[in-house]
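For reference, the chains in residue letters:
4 protein chains.
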Amino acid sequence: MIRIFVTGGTFDKQYDELRGALAFGDTHLLEMLRLGRCRVDVDVRTLMMIDSLDMTDADRRSIVDACRDAAESRILVTHGTDTMVDTARALGTAVSGKTIVLTGAMVPYAFGSSDGLFNLGSALSFVQVLPPGVYVAMNGRCFNWDKVRKNRDTGFFEAI
Amino acid sequence: MIRIFVTGGTFDKQYDELRGALAFGDTHLLEMLRLGRCRVDVDVRTLMMIDSLDMTDADRRSIVDACRDAAESRILVTHGTDTMVDTARALGTAVSGKTIVLTGAMVPYAFGSSDGLFNLGSALSFVQVLPPGVYVAMNGRCFNWDKVRKNRDTGFFEAI
Amino acid sequence: MIRIFVTGGTFDKQYDELRGALAFGDTHLLEMLRLGRCRVDVDVRTLMMIDSLDMTDADRRSIVDACRDAAESRILVTHGTDTMVDTARALGTAVSGKTIVLTGAMVPYAFGSSDGLFNLGSALSFVQVLPPGVYVAMNGRCFNWDKVRKNRDTGFFEAI
Amino acid sequence: MIRIFVTGGTFDKQYDELRGALAFGDTHLLEMLRLGRCRVDVDVRTLMMIDSLDMTDADRRSIVDACRDAAESRILVTHGTDTMVDTARALGTAVSGKTIVLTGAMVPYAFGSSDGLFNLGSALSFVQVLPPGVYVAMNGRCFNWDKVRKNRDTGFFEAI
Numbered sequence: 000m001i002r003i004f005v006t007g008g009t010f011d012k013q014y015d016e017l018r019g020a021l022a023f024g025d026t027h028l029l030e031m032l033r034l035g036r037c038r039v040d041v042d043v044r045t046l047m048m049i050d051s052l053d054m055t056d057a058d059r060r061s062i063v064d065a066c067r068d069a070a071e072s073r074i075l076v077t078h079g080t081d082t083m084v085d086t087a088r089a090l091g092t093a094v095s096g097k098t099i100v101l102t103g104a105m106v107p108y109a110f111g112s113s114d115g116l117f118n119l120g121s122a123l124s125f126v127q128v129l130p131p132g133v134y135v136a137m138n139g140r141c142f143n144w145d146k147v148r149k150n151r152d153t154g155f156f157e158a159i
Numbered sequence: 000m001i002r003i004f005v006t007g008g009t010f011d012k013q014y015d016e017l018r019g020a021l022a023f024g025d026t027h028l029l030e031m032l033r034l035g036r037c038r039v040d041v042d043v044r045t046l047m048m049i050d051s052l053d054m055t056d057a058d059r060r061s062i063v064d065a066c067r068d069a070a071e072s073r074i075l076v077t078h079g080t081d082t083m084v085d086t087a088r089a090l091g092t093a094v095s096g097k098t099i100v101l102t103g104a105m106v107p108y109a110f111g112s113s114d115g116l117f118n119l120g121s122a123l124s125f126v127q128v129l130p131p132g133v134y135v136a137m138n139g140r141c142f143n144w145d146k147v148r149k150n151r152d153t154g155f156f157e158a159i
Numbered sequence: 000m001i002r003i004f005v006t007g008g009t010f011d012k013q014y015d016e017l018r019g020a021l022a023f024g025d026t027h028l029l030e031m032l033r034l035g036r037c038r039v040d041v042d043v044r045t046l047m048m049i050d051s052l053d054m055t056d057a058d059r060r061s062i063v064d065a066c067r068d069a070a071e072s073r074i075l076v077t078h079g080t081d082t083m084v085d086t087a088r089a090l091g092t093a094v095s096g097k098t099i100v101l102t103g104a105m106v107p108y109a110f111g112s113s114d115g116l117f118n119l120g121s122a123l124s125f126v127q128v129l130p131p132g133v134y135v136a137m138n139g140r141c142f143n144w145d146k147v148r149k150n151r152d153t154g155f156f157e158a159i
Numbered sequence: 000m001i002r003i004f005v006t007g008g009t010f011d012k013q014y015d016e017l018r019g020a021l022a023f024g025d026t027h028l029l030e031m032l033r034l035g036r037c038r039v040d041v042d043v044r045t046l047m048m049i050d051s052l053d054m055t056d057a058d059r060r061s062i063v064d065a066c067r068d069a070a071e072s073r074i075l076v077t078h079g080t081d082t083m084v085d086t087a088r089a090l091g092t093a094v095s096g097k098t099i100v101l102t103g104a105m106v107p108y109a110f111g112s113s114d115g116l117f118n119l120g121s122a123l124s125f126v127q128v129l130p131p132g133v134y135v136a137m138n139g140r141c142f143n144w145d146k147v148r149k150n151r152d153t154g155f156f157e158a159i
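Protein chains in written order, with numbering that gives the first Met the number 0: chain A, 0 to 159; chain B, 0 to 159; chain C, 0 to 159; chain D, 0 to 159.
Chain A with its partners taken away, still in its complex shape (with noise of 0.2 Å):
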């Protein structure tokens, strides 16, 4: 069984046609799967809604807390890509026993060219596959969580 903890993110924005801006709603994550036929024994919650770079530390925090208080041991948490590193460093730093992946996107699923259902497939495989450890799952690579980053100029992650 695989927790999937969804905290929001560019993953899961939508466009709200009466403002004529961007927001959160309900996650997207179940449709996603359905999408992809996923037969993979998962429990998805929604610890949060937020933009990663709105998260504090009490936010980090109760992502920490959920993940080491879940009875599963293979966890993917999906998360705004511009402080993915930083909720990575928290749970590298404080959780052990368990394989982590953090996952999101650079465009959300809810537009046509997302990157979000590629992702997805990439996050649950290495969490089914990795050793004890935390992740992160972009660009169809993986990093541990202390030797990645991400290129603000390109929006891609590297290995540092």
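The set of hints was computed from the structure by calculation and includes no laboratory data.
A quick note: this is a predicted structure, and the numbers were derived from the prediction, not measured.
Certain hints may be false.
Since copy identity is lost for identical chains, a pair holds within one copy or between any two.
[Said to hold, decoys possible] As a list, the in silico SDA-like pairs of lysine to any residue whose alpha-carbon atoms are at most 20 Å apart:
(1) 97 with 20
(2) 149 with 17
(3) 146 with 43
(4) 149 with 70
(5) 97 with 128
Start from chain A and add chains B, C and D according to the hints.
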């Protein structure tokens, strides 16, 4: 470097509007890797573009030869789902020392509700981390070549 | 009030993933009108769901009867493009005093690159403003039923 | 020949993935006309690419001038929905002898669930058949410029 061999299947089917029928054209794989913002080093080659129900022993032999002769030790093969297990068997009994993952789609990528992008992300992740062997990656899961079958009633792949 | 009669055609084709073939299910018309945020009073009825190449004289007669018997004087008919002109002729020679517009699509709405939504918006507008007569609305244009043909090489409709 | 003037609005908004925000780039109109397999003779020119809430009187005057100076007597203007009626009024009181239709979208075309393609087909049909005047084409309907308003609670356009 991951080698990707394209053989067709529903994954790459498209709609021929003049004939009003399904057909094959160029592979959509490069476009899908771009959409996924994939930064894995891959080299894509199209071996054939056919429905796997039309595959002959000669076709399967050429897939086996291509995998054996490839310089890379990690290979992804896109394939129709109907006889994916047959090609996986041909590879499993003939090629060793390489990590080979087969994947496909139940709905063409060219359609709106395709599992193609999810499966591509999934398979690309499995092929990077699994030990040498031949695997089928479908529905978010990965199976050893000799422990899987396609359930023709549901369309899902399951362990045997 | 606009009456909409659905007869099938590429407009409503979808992909049957278990058989790996094109097929008909329920019409997508209501979903398309919702997507277009359409506020025109319409009443939708499915007369049949077939490829227009499979239409018999009996099928065309039932479309003529339905149009003649309808309470509404403005009617939109969705139809396969291959024999749309034949049905337009049957209507043009048998029904008077009503504005009837036929439209269809070259690519199924269920696919990503469909002209269906554009044609629906186009036809729905023409049917609201044109004087009584029978018309074909395709490629953004509208043609009198006896002055149009489908160019089978290009797939476009043109005036004759 | 139909003249199309692009002024921006939600119709053409897109997602800037590096900034994580909505933004304007080149118009999608040509791509949309291709998707619709449109065979109407059109000439597209971008006057500006802005949110209509940001339009100034000077902007509206330049739209009026462009319409007045255009060689064509049938003109389509794509526009943000928020102040579409204001621009329609500016045109209605200043330009005569031409058929001018304004349209837009509640959801960006770049998104999956957009009304843009439907509205484009709708407006392009109205502009071909309506007599000289200024009109707003939204929600499948067409309104005279001085008999319409946008209902800001529902997002729909209605007759007054």
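The hints, checked one at a time:
When the C-alpha separation of residue 97 and residue 20 is checked against a cutoff of 20 Å, the pair qualifies neither within a copy, at 38 Å, nor between copies, at 34 Å. Taking the shortest alpha-carbon separations for residue 149 and residue 17, only the inter-copy value of 11 Å comes in at or below 20 Å, while the best intra-copy value is 33 Å. In this homomeric assembly, residue 146 and residue 43 never come within 20 Å of each other (Cα to Cα): the closest approach is 28 Å inside a single copy and 28 Å across copies. In the homo-oligomer, the alpha carbons of residue 149 and residue 70 never lie at most 20 Å apart, since the shortest distance is 30 Å inside one protomer and 31 Å across protomers.
Taking the shortest Cα distances, residue 97 and residue 128 sit within 20 Å of each other both inside one copy (12 Å) and across copies (17 Å).
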